[in-house]
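Please build the complete structure, drawing on both the sequences and the hints.
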Amino acid sequence: MSFVYDSTIIHSDSAYVTQGSLDHEVRSLCYLVEEQRSSTDSSSRPIILVAHSPGGLVCATSIVLGDRNAQGDDVDAVARNVAGMVFLGTPFAGSNAAKWGELVRKIFNVVKKTDQNTLKTLKGNSHDLQEL
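Just so we're aligned, residue 1227 is where the sequence shown starts under this note's numbering, counting upward by one.
There may be inaccurate statements among the hints.
Derived pair list, reagent style DSBU-like, types lysine-lysine, alpha-carbon separation capped at 35 Å [said to hold, decoys possible]:
| id | residue 1 | residue 2 |
| --- | --- | --- |
| 1 | Lys1349 | Lys1325 |
| 2 | Lys1332 | Lys1346 |
| 3 | Lys1346 | Lys1325 |
| 4 | Lys1332 | Lys1349 |
Derived DEER-like restraints, expressed as beta-carbon distance ranges [claimed, not checked]:
| id | residue 1 | residue 2 | range |
| --- | --- | --- | --- |
| 5 | Ser1254 | Leu1329 | 22 to 30 Å |
| 6 | Ser1265 | Asn1295 | 34 to 42 Å |
| 7 | Ala1323 | Ser1265 | 35 to 43 Å |
| 8 | Asp1267 | Ala1323 | 41 to 49 Å |
| 9 | Ala1323 | Leu1358 | 44 to 52 Å |
| 10 | Lys1332 | Ser1269 | 39 to 47 Å |
| 11 | Val1330 | Gly1310 | 35 to 43 Å |
| 12 | Ile1333 | Asp1267 | 46 to 54 Å |
Simulated from the structure, these hints should not be mistaken for lab results.
We put the beta carbon where it would ideally sit given N, CA and C, even for glycine.
Dropping the structure here:
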């Protein structure tokens, strides 16, 4: 199964701009994973997550939220069943380019819909990254 986390900052079509928080993306991922596991009768199988770039932040956050919440929801179920993770180019320390991206985002926001949540997460001192 694959899950696409579109971290593109600027889109010509505002329908394609991610406006949810990192937590929202985690909940979407975990819902889809649990739906897939339930429909294929594979709920007892371990989960291995392979993630690239900001998608790795979504996967890592699923473990943090699952441990924090432990409410028996989809996030908790995924966190309890993850047997391993592979991260490819995941910016756990943030990105120095985030400040330049924010400048470009502000300029383009005048004429196009932009995503400020992704840039906020990628700043080196962001709350989301510090939790990971």
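Taking the hints in turn, this is what the structure says about them:
1. Lys1349 - Lys1325: holds, 7 Å
2. Lys1332 - Lys1346: holds, 13 Å
3. Lys1346 - Lys1325: At roughly 9 Å apart (the allowed maximum being 35 Å), lysine 1325 and lysine 1346 satisfy the hint.
4. Lys1332 - Lys1349: Holds, because 15 Å separates the two Cα atoms, which is no more than 35 Å.
5. Ser1254 - Leu1329: 22 to 30 Å: At 29 Å between Cβs, range holds.
6. Ser1265 - Asn1295: 34 to 42 Å: violated, 23 Å
7. Ala1323 - Ser1265: 35 to 43 Å: The hint (35 to 43 Å, Cβ to Cβ) holds, given that alanine 1323 and serine 1265 are roughly 39 Å apart.
8. Asp1267 - Ala1323: 41 to 49 Å: Roughly 44 Å apart at Cβ, these two residues keep to the hinted range, so it holds.
9. Ala1323 - Leu1358: 44 to 52 Å: violated, 19 Å
10. Lys1332 - Ser1269: 39 to 47 Å: Given about 45 Å between the Cβ atoms, the range holds.
11. Val1330 - Gly1310: 35 to 43 Å: holds, 36 Å
12. Ile1333 - Asp1267: 46 to 54 Å: holds, 51 Å
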